[in-house]
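Starting from the given sequences, assemble the full structure and let the hints guide the process.
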Amino acid sequence: MTFNVAEGATITPHEVQTGADGNAGATVTSLKAGTYAVTAEVNGKGTSKNTTFVADKDSAGIADGDLAVGDNNAVADGKSTDSVTAKVTDANGNPVSGVEVSFLAGNDATVVTETVTTGADGMAATTLTSMTAGTSTVTAKVGDSEQKVDVNFVADSDTAAITDENLVIGHDNTVASGKVTDGVTATATVTDENGNPVADQEVIFTVTEGANITTVKGTTGAKGKAAAVVTSAKAGAYTVTAKVNDSEAKKDAHFVADSDTAEITDGNLSVGTGATANGKDINAITAKVTDANGNPLANQTVTFNVAERGNHHHHMRCKQGRMVMPAPQ
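Per the UniProt record's numbering: the sequence shown = residues 1 to 329.
Think of the hints as simulated: they come from the structure by calculation, not from any bench.
Small disclaimer: the values here were computed from a predicted structure and weren't measured.
Any given hint could turn out to be false.
Straight line, CA to CA, 20 Å or less: simulated DMTMM-like cross-link-like pairs of lysine to aspartate or glutamate [what the hints assert, rightly or not]:
hint: 1; residue 1: Lys-225; residue 2: Glu-202
hint: 2; residue 1: Lys-79; residue 2: Asp-150
hint: 3; residue 1: Lys-243; residue 2: Asp-150
hint: 4; residue 1: Lys-141; residue 2: Asp-66
Computed spacing ranges between beta-carbons, pair by pair [said to hold, decoys possible]:
hint: 5; residue 1: Gly-267; residue 2: Thr-159; range: 51 to 57 Å
hint: 6; residue 1: Thr-163; residue 2: Thr-215; range: 16 to 22 Å
hint: 7; residue 1: Asp-144; residue 2: Gly-70; range: 24 to 30 Å
hint: 8; residue 1: Glu-7; residue 2: Asp-121; range: 18 to 24 Å
hint: 9; residue 1: Asp-71; residue 2: Thr-39; range: 45 to 51 Å
hint: 10; residue 1: Gly-267; residue 2: Ala-298; range: 16 to 22 Å
hint: 11; residue 1: Ser-48; residue 2: Gln-17; range: 16 to 22 Å
hint: 12; residue 1: Ala-298; residue 2: Gly-195; range: 54 to 60 Å
hint: 13; residue 1: Lys-179; residue 2: Gly-70; range: 23 to 29 Å
hint: 14; residue 1: Asn-245; residue 2: Leu-269; range: 51 to 57 Å
All C-beta atoms, glycine included, are put in the ideal place defined by N, C-alpha and C.
This is the structure in structure tokens:
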């Protein structure tokens, strides 16, 4: 008797002599799950029957490359989803059905269905949501076998906004020189409603009268930041406004007078005259101390000298840039 089996399986032996009872036996093996036709033939006459092999659940696992990303780059709004699919196979690569796959994710992502049972094709899929933009590593496990893959969530540009706490004034209280090198930096961080930095957003900067701003329109980078430099030649406080879409934030930038350029100009020294020389009446002297841009300077020591009848020296500190004293008689 001759035995044959369809391709993908092996039959042993191929030819067999029948015994006293007319029976002849053979065995069929295969590494590939499926159904195979077995044919027995004698003297050119034969018949066939099917035999089936199933996947080996005992060796079920997820092979390298068999955890795949489907939908990706979902908005991190807690509703939009990324997806992953795991293929479970046995040691010989046969898909294994009816096996539970456990999924977990990092970076605060949520797995919608954490345990999924494979179908006839050995596949198990799930979806993920997140309110945190960035990369989330997804792990799929079957027994001691596991694989990892990364999915990504992006910030929600539809809710991009800026809050007062996300507008930061740096190098505040710098000198009022009007130079960019002495500028105050205004940095705006744009975030979505879940606090994720949003890139590629246009930020419009303005400042109140008396100061200038270097960047009227800035674009946020990967960290959601855009910056501008504020300058002024006049000491004081100026309100910086950063606007994104329909939201805006305000913070004050401060400039102070430059003590390194302290001076008293001709127009800022006035001396009274005409007092009676009786040792009692006075001619008042007023000195105003300013920096190179005309800003009043406080706490500056002013020395007054009067000629004739000996030199009189008076050292006094001024407040708000102005000093008034009686002139010696």
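For this session: For the pair supplied as a hint, Lys-225 and Glu-202, confirm whether the alpha-carbon distance does not exceed 20 Å.
Result: Holds, because 10 Å separates the two Cα atoms, which is no more than 20 Å.
Exercise. Does the Cβ-Cβ separation between Asn-245 and Leu-269 fall within 51 to 57 Å?
Worked result: For Leu-269 against Asn-245, whose Cβ atoms are near 54 Å apart, the range 51 to 57 Å holds.
For this session: Look at the Cβ atoms of Ser-48 and Gln-17 and judge whether their distance stays inside 16 to 22 Å.
Result: holds, 21 Å
Problem set entry | Hint consistency between Lys-243 and Asp-150 [alpha-carbon to alpha-carbon, up to 20 Å] | Violated, at roughly 35 Å.
For this session: Take a look at whether the Cβ-Cβ distance between Gly-267 and Ala-298 falls inside 16 to 22 Å.
Result: holds, 19 Å
For this session: Starting from the hint 23 to 29 Å, judge whether the C-beta atoms of Lys-179 and Gly-70 obey it.
Result: Since the Cβ atoms of Lys-179 and Gly-70 sit about 55 Å apart, the hinted range of 23 to 29 Å is violated.
For this session: Measure nothing beyond the straight line between the CA atoms of Lys-141 and Asp-66; if it is 20 Å or shorter, mark the hint as holding.
Result: holds, 12 Å
Problem set entry | Verdict for Glu-7, Asp-121 (Cβ pair) under range 18 to 24 Å | For Glu-7 and Asp-121 the Cβ distance comes to about 22 Å; the hint holds.
Exercise. Using the C-beta atoms of Thr-163 and Thr-215, is the stated range 16 to 22 Å upheld?
Worked result: With Cβ atoms ~20 Å apart, the hint holds.
For this session: Could you say whether the range 51 to 57 Å given as a hint is met by the Cβ separation of Gly-267 and Thr-159?
Result: holds, 56 Å
Exercise. That 54 to 60 Å hint for Ala-298 and Gly-195 (C-beta), does it hold up?
Worked result: violated, 42 Å
Exercise. Within 20 Å, alpha carbon to alpha carbon, are Lys-79 and Asp-150?
Worked result: holds, 19 Å
Comparing the model with each earlier hint shows violations of hints 3, 12 and 13; every other hint is respected.
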